[in-house]
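Engineer: The lines below spell out each chain.
2 protein chains.
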Amino acid sequence: MNGGAKGALAVGQSGGPTAVTNATLVEIVREAPAYAEVGRILGLVHGIEGALAQEMIDLRQQDPSVLEYVARTPAAALGSSRYKVREEDCERVLEVFRAHEVRYLLLVGGNDSMDTCHRIARMAAREGYELAVVGVPKTIDNDLPGTDHCPGYGSAARFIALATMDAGMDLEAMRTFDDVSILETMGRNTGWLAAASALGRRAPSDPPHLIYVPERPFDEAQFMETVQRVHDANGHVFCVVAEGLRDRHGQFVGLVPETVQTDVFGHKLVTLTSGVGQYLAARIREVLCLQARCSRPGTLQRSAGTTISCTDLEEAKMVGRAAVQHAVRGVSDVMVALRRVSNNPYRSEPGIAPLACVANRERFLADAWIEPDNTGMTSEFLEYALPLIGDPLPEYGRLRCVRVPKRTA
Amino acid sequence: MNGGAKGALAVGQSGGPTAVTNATLVEIVREAPAYAEVGRILGLVHGIEGALAQEMIDLRQQDPSVLEYVARTPAAALGSSRYKVREEDCERVLEVFRAHEVRYLLLVGGNDSMDTCHRIARMAAREGYELAVVGVPKTIDNDLPGTDHCPGYGSAARFIALATMDAGMDLEAMRTFDDVSILETMGRNTGWLAAASALGRRAPSDPPHLIYVPERPFDEAQFMETVQRVHDANGHVFCVVAEGLRDRHGQFVGLVPETVQTDVFGHKLVTLTSGVGQYLAARIREVLCLQARCSRPGTLQRSAGTTISCTDLEEAKMVGRAAVQHAVRGVSDVMVALRRVSNNPYRSEPGIAPLACVANRERFLADAWIEPDNTGMTSEFLEYALPLIGDPLPEYGRLRCVRVPKRTA
Numbered sequence: 003m004n005g006g007a008k009g010a011l012a013v014g015q016s017g018g019p020t021a022v023t024n025a026t027l028v029e030i031v032r033e034a035p036a037y038a039e040v041g042r043i044l045g046l047v048h049g050i051e052g053a054l055a056q057e058m059i060d061l062r063q064q065d066p067s068v069l070e071y072v073a074r075t076p077a078a079a080l081g082s083s084r085y086k087v088r089e090e091d092c093e094r095v096l097e098v099f100r101a102h103e104v105r106y107l108l109l110v111g112g113n114d115s116m117d118t119c120h121r122i123a124r125m126a127a128r129e130g131y132e133l134a135v136v137g138v139p140k141t142i143d144n145d146l147p148g149t150d151h152c153p154g155y156g157s158a159a160r161f162i163a164l165a166t167m168d169a170g171m172d173l174e175a176m177r178t179f180d181d182v183s184i185l186e187t188m189g190r191n192t193g194w195l196a197a198a199s200a201l202g203r204r205a206p207s208d209p210p211h212l213i214y215v216p217e218r219p220f221d222e223a224q225f226m227e228t229v230q231r232v233h234d235a236n237g238h239v240f241c242v243v244a245e246g247l248r249d250r251h252g253q254f255v256g257l258v259p260e261t262v263q264t265d266v267f268g269h270k271l272v273t274l275t276s277g278v279g280q281y282l283a284a285r286i287r288e289v290l291c292l293q294a295r296c297s298r299p300g301t302l303q304r305s306a307g308t309t310i311s312c313t314d315l316e317e318a319k320m321v322g323r324a325a326v327q328h329a330v331r332g333v334s335d336v337m338v339a340l341r342r343v344s345n346n347p348y349r350s351e352p353g354i355a356p357l358a359c360v361a362n363r364e365r366f367l368a369d370a371w372i373e374p375d376n377t378g379m380t381s382e383f384l385e386y387a388l389p390l391i392g393d394p395l396p397e398y399g400r401l402r403c404v405r406v407p408k409r410t411a
Numbered sequence: 003m004n005g006g007a008k009g010a011l012a013v014g015q016s017g018g019p020t021a022v023t024n025a026t027l028v029e030i031v032r033e034a035p036a037y038a039e040v041g042r043i044l045g046l047v048h049g050i051e052g053a054l055a056q057e058m059i060d061l062r063q064q065d066p067s068v069l070e071y072v073a074r075t076p077a078a079a080l081g082s083s084r085y086k087v088r089e090e091d092c093e094r095v096l097e098v099f100r101a102h103e104v105r106y107l108l109l110v111g112g113n114d115s116m117d118t119c120h121r122i123a124r125m126a127a128r129e130g131y132e133l134a135v136v137g138v139p140k141t142i143d144n145d146l147p148g149t150d151h152c153p154g155y156g157s158a159a160r161f162i163a164l165a166t167m168d169a170g171m172d173l174e175a176m177r178t179f180d181d182v183s184i185l186e187t188m189g190r191n192t193g194w195l196a197a198a199s200a201l202g203r204r205a206p207s208d209p210p211h212l213i214y215v216p217e218r219p220f221d222e223a224q225f226m227e228t229v230q231r232v233h234d235a236n237g238h239v240f241c242v243v244a245e246g247l248r249d250r251h252g253q254f255v256g257l258v259p260e261t262v263q264t265d266v267f268g269h270k271l272v273t274l275t276s277g278v279g280q281y282l283a284a285r286i287r288e289v290l291c292l293q294a295r296c297s298r299p300g301t302l303q304r305s306a307g308t309t310i311s312c313t314d315l316e317e318a319k320m321v322g323r324a325a326v327q328h329a330v331r332g333v334s335d336v337m338v339a340l341r342r343v344s345n346n347p348y349r350s351e352p353g354i355a356p357l358a359c360v361a362n363r364e365r366f367l368a369d370a371w372i373e374p375d376n377t378g379m380t381s382e383f384l385e386y387a388l389p390l391i392g393d394p395l396p397e398y399g400r401l402r403c404v405r406v407p408k409r410t411a
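If you're matching them up, the sequences are chains A and B in order. Read left to right, the first sequence gives residues 3 to 411 (my numbering). Read left to right, the second sequence gives residues 3 to 411 (my numbering).
Check each hint, because a few of them may be wrong.
[Claimed, not checked] List of simulated lysine-lysine pairs, BS3-like, C-alpha gap at most 27 Å:
#: 1; chain 1: A; residue 1: K408; chain 2: B; residue 2: K86
#: 2; chain 1: A; residue 1: K86; chain 2: B; residue 2: K408
#: 3; chain 1: B; residue 1: K319; chain 2: B; residue 2: K8
#: 4; chain 1: B; residue 1: K319; chain 2: A; residue 2: K8
#: 5; chain 1: B; residue 1: K319; chain 2: A; residue 2: K408
[Stated by the list, open to error] A few chain A positions that, by computed beta-carbon distances, are all more than 12 Å from chain B:
#: 6; residue: A7
#: 7; residue: D117
#: 8; residue: A127
#: 9; residue: R342
#: 10; residue: N345
#: 11; residue: S381
[Said to hold, decoys possible] Between beta-carbon pairs, the in silico distance windows are:
#: 12; chain 1: B; residue 1: E90; chain 2: A; residue 2: R405; range: 35 to 41 Å
#: 13; chain 1: A; residue 1: S381; chain 2: B; residue 2: D375; range: 51 to 57 Å
#: 14; chain 1: A; residue 1: K408; chain 2: B; residue 2: P396; range: 49 to 55 Å
#: 15; chain 1: A; residue 1: S381; chain 2: B; residue 2: S67; range: 26 to 32 Å
Quick caveat, the hints were computed from the structure, so don't treat them as lab data. Predicted, not measured: the structure shown is a model, and the values here were computed from it. Here a beta-carbon is modelled for each residue, glycine too, at the ideal position from N, C-alpha and C.
Sequences and hints are given; from them, build the entire structure.
Structural biologist: Structure representation (structure tokens):
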């Protein structure tokens, strides 16, 4: 490609960060110099925004020891972006790429980023500009089609599984005071992360007792009945909800404008998005008269450096290497995918998926992975997800309940 | 004591759990059999509630390998309690203790638990019942007087320091989309945990940029000005708030009744405690027109098993051993304390504090530890807190910003 002249490789990060995106980036920076075809390695600052504004940094001039640290640092070292490209943006990107002799574009991101890649690849093809565009998957949401799973998911899933074990032990200890604990996970349209809360469960009485995912319409009255029933049977209820729960009318649960009286001088109108978790906790207190509280780890679940899955980390590097290899061979308009070769022992390898089959599509939890009563995950889901979170989760211990006989006192 | 007859030792856990309370419990269970004076070891189920109801389990009949797991399990293996004892409860506890020949009571807890210990110790003394009552400190709030710090704090502080580093990197990566990220920590009356967010900060531009603690009245207008100023200078603002912030009238910020329209059929009145973090995020969006979001880890910060401080873990065991030793020697109406012997290298040893000086008192952040403008912590605080969180925090890496010169495009 490119008649023997060296072409620049541009790499960017896009969408919500993960704990392992920088491992992908650093692997790309380490792999690319192995190819004689690759000249400069340009880091796009804030993804495609960096291409539009010519904000780029020279990734060949990085200290290897600093790269070692960057690879272990959560979030996105180049800066990320949520900018949605228009046709004229794609034209501008190609102008900039021409000026900088960019022949390879690797964008590490999720659904929107794959759409950006696809648009730029098509426009380059139309204009006859030789450019290999390879999307590199990364999303804690795990909602990209065309791949078994996405780098970033395994670590966030591990965070949620551990959070459920830990906050679940907390609730169990506090059961004479707290009745219901709600953990709100990310997941606007899909329940991949909420579902991961089931991965640390070893006995039926272990948390989580209830899981609600956006793949199923949410019925508040039914929810209240179920919470009461589990509380009657178990004494406490640990419940995981995805942030994007919708009712049967398609309305987000708990996303409501609220009139807030903020001070003694009058009323202020605040459009609060209380979030489904906090909303449901309030409703449980009111309707069921049970003590309920909500934890909402927010961006911690995608950025936590202490709960990185070793499997996720290795796969994040794997897709980075594969992306460089494909691009240099001139493969374009594709996303690197992960294929599961075997489940036990778990082994995966990189593949590719055409961007046309990935861009602007979402992958949902399979019907067979959600229990028929819509409050938990089946063993098929656990088999799918467990290898992705890396090392076995810790074993927690409970005391043997040898009761001391009562005495007359 | 007790004329050579063996006395039973009763141990209970009380108040909000921590990640290392079970390490204290297991150390007590392992230490007590070394003393000939100690007969049965009775675990009070849900703290003093277990004494009142004679709900107790035999802690001598525990498998050592299970105890090994329990010691590494967050929360409270015996179950915790928030029950406030009255005079008649103390009488009942003594009746039960007489019936079971309990001569040693160790209660692992915070302020309320120390009050419980003090009341029972005084009543036993008044009634001439030989009972050694020793309080064992445990609280993520770190608000017990009479001790340098409390087991449980170091691990929760480590969680908050890491959360700030991680979520801070996330915000920095998303700065073209998100402007302000708020982390809401526990801390109803004191800012010990919010303050710990400063422990991972290495450069002035590192998160957190602002810290607000309940020791200072909160001024919303001033807050808005400060957030805008930091945003102007830095491009993004990472802000940590303790849940218990109060305004100059003593009112909790963000703790307001809200009218919520929940469905198409009408209005429901929900007393939502939106929490200060989510409230301030909403106000920032409204007043400053900046993108703001809030993370609220809730019970995760006190129960996380992955961020246990090794120093905290060792000290949690140390206070357990010391409590048994004091009780068996007949020392009563005291709390085991931690004394800092040296700071560099850090070394501590157990001491004791009279419960009369501990019960129903709170320890606040020192004035000299809060910056004069009330938005951060001084180096004196960092010196105090850094040894408590154990191993050094990870070093995160940033790319060297070697700009690629722009070209005519």
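Engineer: Against each hint, give a clear statement of whether it holds in the structure.
Structural biologist: Here is how each hint holds up against the structure:
1. A hinted pair counts as satisfied when its Cα atoms are at most 27 Å apart, and K408(A) with K86(B) qualifies at roughly 23 Å.
2. For the given pair, K86(A) sits about 23 Å from K408(B) by alpha-carbon distance, which is consistent with the 27 Å threshold.
3. At most 27 Å may separate the alpha-carbon atoms for a hinted pair to count; K319(B) and K8(B) meet this at roughly 24 Å.
4. For the suggested pair K319(B) and K8(A), the alpha carbons sit about 62 Å apart, so the restraint of at most 27 Å is broken.
5. Only pairs whose Cα atoms come within 27 Å are accepted, and K319(B) paired with K408(A) is rejected, the gap being roughly 30 Å.
6. Taking the minimum C-beta to C-beta distance to chain B, about 16 Å, the non-interface status of A7(A) holds against the 12 Å cut.
7. For D117(A), the shortest C-beta to C-beta distance to chain B comes to about 17 Å, beyond the 12 Å cut-off, and the non-interface label holds.
8. A cut-off of 12 Å between C-beta atoms confirms that A127(A) is not in contact with chain B; the least separation is 20 Å.
9. For R342(A), the non-interface assignment is confirmed: its Cβ lies about 27 Å from the closest Cβ of chain B, beyond the 12 Å cut-off.
10. Listed as outside the interface, N345(A) is consistent with that label: its C-beta sits roughly 26 Å from the nearest C-beta of chain B, beyond the 12 Å cut-off.
11. Every Cβ of chain B is farther than 12 Å from the Cβ of S381(A); the closest lies at roughly 25 Å, confirming the non-interface assignment.
12. At roughly 25 Å, the beta carbons of E90(B) and R405(A) sit outside the given window of 35 to 41 Å.
13. Here the CB-CB span from S381(A) to D375(B) is close to 56 Å, well matched to the stated 51 to 57 Å.
14. For the pair K408(A) and P396(B), the supplied restraint of 49 to 55 Å holds, since their beta-carbon distance comes to about 51 Å.
15. Distance hint for S381(A) and S67(B): a CB-CB separation of about 28 Å, consistent with the stated range 26 to 32 Å.
Violated hints, in rising order: 4, 5, 12; the structure is consistent with all others.
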